[in-house]
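Protein sequence lines correspond, in order, to chains A and D.
Heads up, the first sequence is in my numbering, so the first residue is 29 and it goes up one at a time.
Heads up, the second sequence is in my numbering, so the first residue is 29 and it goes up one at a time.
Watch out, some of these pointers could steer you wrong.
[As the list claims (entries may be wrong)] Some chain A residues near chain D, calculated using beta-carbon distances under 10 Å:
id, residue
1, Phe-34
2, Thr-38
3, Asp-239
4, Thr-243
5, His-350
6, Pro-352
[Stated by the list, open to error] Far from chain A, by Cβ distances over 12 Å, these chain D residues were calculated:
id, residue
7, Glu-30
8, Asp-266
9, Lys-354
[Said to hold, decoys possible] Ranges of calculated distance between the beta carbons of each label pair, as one might list FRET restraints:
id, chain 1, residue 1, chain 2, residue 2, range
10, A, Asn-267, D, Glu-391, 40 to 48 Å
11, A, Arg-399, D, Asn-45, 38 to 46 Å
12, D, Arg-399, A, Glu-87, 31 to 39 Å
13, A, Ser-237, D, Glu-378, 35 to 43 Å
14, A, Asn-395, D, Lys-259, 43 to 51 Å
Please keep in mind that the hints were generated in silico from the structure rather than gathered at the bench.
In this text the structure is predicted, and so the values were computed from the model without any measurement.
No residue lacks a Cβ here, since even glycine has one placed at the ideal position from N, Cα and C.
2 protein chains.
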Amino acid sequence: MENFEFFTPTRVIFGRNTHLKVGTIVKEYGFKKALVHFGGSSAKNSGLLDAVCDALKAEGIEYVTLGGVQANPTLAMAEKGIGLCLKEKVDFILAVGGGSVMDSSKCIADGAGNPEANVWDYFLHKDAPAKALPVGVVLTLSASGSEMSASCVITNEKTGLKRGFNSVTHRPLFSICNPELTYSVGRFQTGCGTVDIMAHTLERYFSSSRDTALTDRIAEGLLKSVIEAGKIADMEPDNYEARATLMWAGSLSHNGLTSAGRSFVMQVHQLEHELSGMYPRIAHGAGLSALWPSWARFTCPADVNRFAQYGVNVWNLDMDFHNPMKTALAGIQATEDFYKSLGMPVTLKELEVEPDRIEEMAEKCTNFGKRTLPGIRELGKAEMVKIYSMAMG
Amino acid sequence: MENFEFFTPTRVIFGRNTHLKVGTIVKEYGFKKALVHFGGSSAKNSGLLDAVCDALKAEGIEYVTLGGVQANPTLAMAEKGIGLCLKEKVDFILAVGGGSVMDSSKCIADGAGNPEANVWDYFLHKDAPAKALPVGVVLTLSASGSEMSASCVITNEKTGLKRGFNSVTHRPLFSICNPELTYSVGRFQTGCGTVDIMAHTLERYFSSSRDTALTDRIAEGLLKSVIEAGKIADMEPDNYEARATLMWAGSLSHNGLTSAGRSFVMQVHQLEHELSGMYPRIAHGAGLSALWPSWARFTCPADVNRFAQYGVNVWNLDMDFHNPMKTALAGIQATEDFYKSLGMPVTLKELEVEPDRIEEMAEKCTNFGKRTLPGIRELGKAEMVKIYSMAMG
Chain A
29 MENFEFFTPT RVIFGRNTHL KVGTIVKEYG FKKALVHFGG SSAKNSGLLD
79 AVCDALKAEG IEYVTLGGVQ ANPTLAMAEK GIGLCLKEKV DFILAVGGGS
129 VMDSSKCIAD GAGNPEANVW DYFLHKDAPA KALPVGVVLT LSASGSEMSA
179 SCVITNEKTG LKRGFNSVTH RPLFSICNPE LTYSVGRFQT GCGTVDIMAH
229 TLERYFSSSR DTALTDRIAE GLLKSVIEAG KIADMEPDNY EARATLMWAG
279 SLSHNGLTSA GRSFVMQVHQ LEHELSGMYP RIAHGAGLSA LWPSWARFTC
329 PADVNRFAQY GVNVWNLDMD FHNPMKTALA GIQATEDFYK SLGMPVTLKE
379 LEVEPDRIEE MAEKCTNFGK RTLPGIRELG KAEMVKIYSM AMG
Chain D
29 MENFEFFTPT RVIFGRNTHL KVGTIVKEYG FKKALVHFGG SSAKNSGLLD
79 AVCDALKAEG IEYVTLGGVQ ANPTLAMAEK GIGLCLKEKV DFILAVGGGS
129 VMDSSKCIAD GAGNPEANVW DYFLHKDAPA KALPVGVVLT LSASGSEMSA
179 SCVITNEKTG LKRGFNSVTH RPLFSICNPE LTYSVGRFQT GCGTVDIMAH
229 TLERYFSSSR DTALTDRIAE GLLKSVIEAG KIADMEPDNY EARATLMWAG
279 SLSHNGLTSA GRSFVMQVHQ LEHELSGMYP RIAHGAGLSA LWPSWARFTC
329 PADVNRFAQY GVNVWNLDMD FHNPMKTALA GIQATEDFYK SLGMPVTLKE
379 LEVEPDRIEE MAEKCTNFGK RTLPGIRELG KAEMVKIYSM AMG
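Isolated chain A, as found in the complex:
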């Protein structure tokens, strides 16, 4: 087990009807004026936005609203939010939505807390925010884990670069997680979320660190539960237990629990960021789904037993002791089949990615020759090209 720090200060308020408490909770912390940040029309049409605003009003908390965050949230939207916060003297940001809204809110919080800084510099690791406005969350999508995580990913719409950075300022102060709010999430987005949750745990699980039996077992148990719940939510969108499992697993997958004692680099996420950075129409979860099986088949020969362990402990496969590769590949196949069963793409072809842009994606993923990605197999540009090509199908 490697040395680690575990710090998840976010207060999670989980369960039915919890979103109705948002006014009381914000009031507890003594905030005066909120930016209520949200996405498209669904928060409006479902009545959630009104319910949240009413709850704030009832406690005498002022607010301004800013909607319109889209998948792969942009720097332009965040800059708009920063301007609004400064103009309106907002002291608190309330994200009502999923990963895009939360990440946009975190970026706004960094910017509004440091008006002198250029917020994009943080994403280029040229600078780091010393402070930020506090962020609270009313979660509407089980996927990103951003509701408990230190991460924040933004796309610079001018350059097509999608970049993330981790900061303690990104841990939300509180997250209100009501699984009922995800009943209305459609099949495709539910599938994307399930893949994203699994990916957050899988990227930590397939690490070259050893001696992490406890963390392994937690990760394996979480993956089994997500697979079980993902299947049920796909058939019965309003199954509370399945939606609750996905939501809680989403938070635990990205808060540090499933990486305690391990080093890891999220290789598939990095490969996917270039994909959806270049093709903003591609949903993050769909990109992960299309890339993971190829990443896994490419990586597997370098640690066959790890992939076999995954097949046995997550997919209940019998271990082929004479030919562990068989078990390893069967586990990858089971994952691919599961993603397909949810209606997710498992090749880049299905996403209409042009083969002649692979070179450019790989180049961007190396940050223009400035980095390789360590892991079970280290990825340089040649390896990235190989994985993207395998994923073309």
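Add chain D to chain A, keeping to what the hints say.
Positioned in the frame of chain A, the structure of chain D alone reads:
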């Protein structure tokens, strides 16, 4: 899954040599003067206390020391600490030790933060602390989980009453967890710790709540890891991986993770508190070990399948589908055998408990007729007497 709040703001700094960072970490928070609180001579003799004090000195942090905390920490010691904090104008408490030292520190923090209050009133639920001094931890024992928990248990040496209460003020600000510091923990204390960690998870696992598959799997994985690591640490006290697993499992067992979505009452802990309250020579872990098998056999008929699940998923037993009780009882027996293999008592007779004091223990455990303990089987005085009697052996 039931509604829940999950809030574990403690920053955990885990791994080799981490205790040497204590000065830097305390300085980060800007504290000026610490009470360094510790137990017996082992912290002194091992050189740990000197190392901690040197680290504080190196950063210019003043401190006073208070040692002598014993197992089942007393109100008298806490009152001494409160007086010292007020006299010395301490702004921070550093607990160097295990559960007893941490709980004594938490009680001191409550008292010193509220000089006008009678701190024992908190334990009688007559009052609650609105604030407290911050507490940091250098952990030397894997057992109580107090390093991440909201709990604090103190014995009033005048009345023999052992009482605990949970409070957000009890969550340590940070906990430095170096498994190497537990190499010197002897066989008996290591066994007590292993039992205590398992008990924290078992008490949450055997709940009457349903639909907690994710939390179940996390709990089962944790228990398997603790059993594995407990056996190894018993044979090889300086096995880093085993000591690390016990330490991290200890923190996760009592921070809320293994109860997310469940109601629970720690029945065996309550029964044990009366035991070691009345016989302060009995170590908490030994008391739990002596009581759990009888509690389990008494409770099992009310939820046979739950105990069978435990046998299958934790002890790798084959399910007897025609006679689940057989599997259920085999799981309890496996636990008892494991505790015995660690040199732990599995009856009260081994602890030289007098049968004619059972009545009094049960009476105290009902808080003199004022409460029953809900659970898979609700415990009133008659049921408590029955369990204590079964445990006599």
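We went through each hint and held it up to the structure:
1. Phe-34: Interface hint status for A/Phe-34: holds (4 Å vs cutoff 10 Å).
2. Thr-38: holds, 8 Å
3. Asp-239: holds, 5 Å
4. Thr-243: holds, 8 Å
5. His-350: violated, 23 Å
6. Pro-352: This hint is violated: A/Pro-352 lies away from chain D, its Cβ roughly 21 Å from the closest one there, beyond 10 Å.
7. Glu-30: Label violated. Min Cβ-Cβ 7 Å, cutoff 12 Å.
8. Asp-266: The claim stands: D/Asp-266 keeps its Cβ more than 12 Å from every Cβ of chain A (closest is about 15 Å).
9. Lys-354: holds, 24 Å
10. A/Asn-267 - D/Glu-391: 40 to 48 Å: Given range 40 to 48 Å: holds, Cβ gap about 46 Å.
11. A/Arg-399 - D/Asn-45: 38 to 46 Å: violated, 29 Å
12. D/Arg-399 - A/Glu-87: 31 to 39 Å: 35 Å Cβ-Cβ, so the 31 to 39 Å window holds.
13. A/Ser-237 - D/Glu-378: 35 to 43 Å: For D/Glu-378 against A/Ser-237, whose Cβ atoms are near 42 Å apart, the range 35 to 43 Å holds.
14. A/Asn-395 - D/Lys-259: 43 to 51 Å: The hinted range 43 to 51 Å holds for A/Asn-395 and D/Lys-259, with Cβ atoms some 47 Å apart.
Hint violations for this structure: numbers 5, 6, 7, 11, all remaining hints satisfied.
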